[in-house]
Amino acid sequence: MRILLVEDDRHLADSLAEALTAQQYTVDVACDGEAAWQNMATYPYDLALLDVTLPRLDGLQLCQRLRVQGYQSPVLMLTARDTSRDKVAGLDAGADAYMVKPFDLSELLAQIRALLRRGQSGHNSCLNHQGLQLNPTTYEAIYGDHPLRLTPKEFAILELLLHNGRRVLSRPFIIESLWPLGEAPGEETVKAHIKGLRHKLRAAGAPRTFIETVHGLGYRLKP
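Numbering of the sequence shown is given in this note's numbering, commencing with residue 1 and proceeding in unit increments.
No lab work stands behind these hints, which were simulated from the structure alone.
Treat each hint with caution, since some may be false.
No more than 20 Å apart at the CA atoms, straight line, and that leaves these computed lysine to any residue pairs for SDA-like [to be verified]: (1) Lys191 to Gly144; (2) Lys191 to Leu148; (3) Lys222 to Arg166; (4) Lys222 to Val168; (5) Lys195 to Thr213; (6) Lys195 to Thr209; (7) Lys222 to Arg198; (8) Lys153 to Asp104; (9) Lys153 to Ser106; (10) Lys222 to His199.
Okay, the calculated beta carbon distance ranges per label pair [stated by the list, open to error]: (11) Pro185 to Ala19: 17 to 27 Å; (12) Ala114 to Gly216: 37 to 47 Å; (13) Gly144 to Lys191: 21 to 31 Å.
We put the beta carbon where it would ideally sit given N, CA and C, even for glycine.
Take these sequences, add in the hints, and give me the full structure.
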């Protein structure tokens with residue numbers, strides 16, 4: 001899951017980004033509304049955390065612009081304003097939820113999980129392919145009867161492959177999808193993660209070609 005955090009308080013932004021990353025979310029940070037708008041025009045985010053008071057374009061204006069453009073993912077407003085009028089303004093701008101600073105981190109994380117579940121309503125949370133079962137909610141992976149002990153990035157890559165079926169995913173696409181902006185590793189890192197995934201899948205009984213290499217293009221799951 002990829003989250004955009006829009007917060008101009010650098011200390012708070014760094015703390016929230018660290019907490020969200022620890023929950024296995026991929027987090028990008030923008031410090032003003034216009035930068036956030038550019039990010040959202042470039043990357044598909046599963047959820048946006050917007051501070052209301054932002055430079056250049058405030059959170060209310062940004063949320064309104066996103067909804068006018070058809071942005072469907074959940075938006076959670078973060079603000080120090082706690083009057084009923086402020087909350088109504090945030091919800092009327094298109095926010096799905098509204099939290100007042102200072103907030104409890106565990107409550108924020110619970111709200112994020114609830115909004116992400118709502119965004120996935122109607123879809124089976126478990127992903128399946130040729131004996132492999134992946135549950136993004138509980139971070140459990142099983143091949144046949146054998147649990148897989150995956151690193152967070154291995155799990156994320158496997159989830160990305162499952163979501164895309166027979167589509168070939170290039171290494172740059174995998175990096176762009178799963179690493180925060182400004183922290184992108186070299187393509188050899190993806191190659192190393194794929195190697196680790198293949199080793200663990202084979203140890204659980206999967207065929208050697210479960211993850212197929214399409215030479216010169218990337219990777220996909222083999223039917």
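Okay, the hints, checked on the actual structure:
1. Simply put, lysine 191 and glycine 144 have alpha-carbon atoms about 25 Å apart, too far for the 20 Å limit, and the pair is violated.
2. With a CA separation close to 19 Å, the supplied pair lysine 191 and leucine 148 stays within the 20 Å bound.
3. With a C-alpha separation of about 7 Å, the suggested pair lysine 222 and arginine 166 falls inside the 20 Å cut-off, and the hint holds.
4. For the hint pairing lysine 222 with valine 168, the CA-to-CA distance comes to about 10 Å; that is within 20 Å, so the pair holds.
5. The hinted pair formed by lysine 195 and threonine 213 meets the criterion: a straight-line CA distance of about 11 Å does not exceed 20 Å.
6. Straight-line distance between C-alpha atoms of lysine 195 and threonine 209 comes to about 11 Å, which keeps the hinted pair within the 20 Å bound.
7. With a CA separation close to 12 Å, the supplied pair lysine 222 and arginine 198 stays within the 20 Å bound.
8. Between the alpha carbons of lysine 153 and aspartate 104 the distance comes to roughly 27 Å, so the proposed pair goes past 20 Å and is violated.
9. For a cut-off of 20 Å, the pair hint linking lysine 153 to serine 106 is broken: about 23 Å separates their Cα positions.
10. Straight-line distance between C-alpha atoms of lysine 222 and histidine 199 comes to about 16 Å, which keeps the hinted pair within the 20 Å bound.
11. Checked against the hint of 17 to 27 Å, the C-beta distance between proline 185 and alanine 19 comes to roughly 22 Å, which is consistent with it.
12. Remark: the range hint 37 to 47 Å for alanine 114 to glycine 216 is upheld by a beta-carbon distance near 43 Å.
13. Restraint check, glycine 144 to lysine 191: a C-beta distance of roughly 26 Å satisfies the suggested window 21 to 31 Å.
Hints 1, 8 and 9 from the list above are not met by this structure, while the remaining hints are.
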